[in-house]
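K.L.:
Sequence:
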Amino acid sequence: MAGPANHIAYQKFFNNHDFADLIVTLSPPESVNPNRRPEFPMHQIIVCTTSKYFKTVCEGGEPNEKGVIKVDFEMGLEAFRVMAAWAYGYGEQSYKSQTNLAVIQEVLEELAYCDGGSYEAEEMEELRVALLKHLFQLKLQSVRATTEISSQADFDVLEHVCRFAGPKHRKLLLGLVKDNIPKVTASPEWLSKTAMVPGVGLMASFLIGMYQDRFDQALVERQA
Numbered sequence: 066m067a068g069p070a071n072h073i074a075y076q077k078f079f080n081n082h083d084f085a086d087l088i089v090t091l092s093p094p095e096s097v098n099p100n101r102r103p104e105f106p107m108h109q110i111i112v113c114t115t116s117k118y119f120k121t122v123c124e125g126g127e128p129n130e131k132g133v134i135k136v137d138f139e140m141g142l143e144a145f146r147v148m149a150a151w152a153y154g155y156g157e158q159s160y161k162s163q164t165n166l167a168v169i170q171e172v173l174e175e176l177a178y179c180d181g182g183s184y185e186a187e188e189m190e191e192l193r194v195a196l197l198k199h200l201f202q203l204k205l206q207s208v209r210a211t212t213e214i215s216s217q218a219d220f221d222v223l224e225h226v227c228r229f230a231g232p233k234h235r236k237l238l239l240g241l242v243k244d245n246i247p248k249v250t251a252s253p254e255w256l257s258k259t260a261m262v263p264g265v266g267l268m269a270s271f272l273i274g275m276y277q278d279r280f281d282q283a284l285v286e287r288q289a
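Per this note's numbering, the sequence shown starts with residue 66, numbered consecutively.
Just to be clear, a hint being listed does not mean it is correct.
[Stated by the list, open to error] DEER-style ranges, computed between Cβ atoms:
#, residue 1, residue 2, range
1, Asn100, Glu254, 39 to 47 Å
2, Gln158, Gly240, 17 to 25 Å
3, Ala210, Asp244, 18 to 26 Å
In case anyone wonders, no lab produced these hints; they're calculated from the structure. Bear in mind that the values here come from a model prediction, so they are computed numbers and not experimental data. Just so it is clear, CB atoms sit at the ideal spot from N, CA and C, and this is done for glycine as well.
From just these sequences and the hints, can you work out the full model?
P.N.:
So, in structure tokens, the structure goes:
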């Protein structure tokens, strides 16, 4: 988790306008007047210390005469709250209570956008990994609660999560599959469209790896 050892002391300033000198303007809900955008107060001395991501945000803004920087984020309030809580040292508490798949996915989309660019930051990659695991478990629980357990249902979970992952998450995803849905297999329909769907290459790489592991194990058993 990002942040120095005294990050708990920062939490009393979370979403607190006292001494706030970084104001983030966010996208309003669809049902709200688009001119009434919610704002989230932050503190440069905190987030620039705990987060390279937010430090870059601050460096790109122009402070007013009071030293306050205002920036716009095309994100909803709930999604941004997850990222802000992470920067204020809440760790798993930043997202564990969030069960809205759309919110988790919105954060992952923002973090994927930062991948490889000037906003890329180790602490936000840690959050991305944590959210991929969280999304996987939420999606799996949702499917298991409404659908009969099957290889196709498990495959749908995997396909969904891979939309928000990148090549560097191959090992992470492989571990999630082995620990939770080890019997998942690719459907003939999916195999026929592998050349056309984004993210398929990532899925194929570790599915092939799983099949290879099974093959190797079977070979060992035959030779025993």
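K.L.:
Take the hints in turn and mark each one as holding or not.
P.N.:
Verification of the hints:
Against the hinted window of 39 to 47 Å, the Cβ-Cβ separation of Asn100 and Glu254 comes to about 46 Å, which satisfies the hint. The given range of 17 to 25 Å is respected by Gln158 and Gly240, whose C-beta atoms sit roughly 23 Å from each other. Judged by the Cβ atoms, the range 18 to 26 Å given for Ala210 and Asp244 holds: they are separated by roughly 19 Å.
When held up to the earlier numbered hints, the structure conflicts with none and fits them all.
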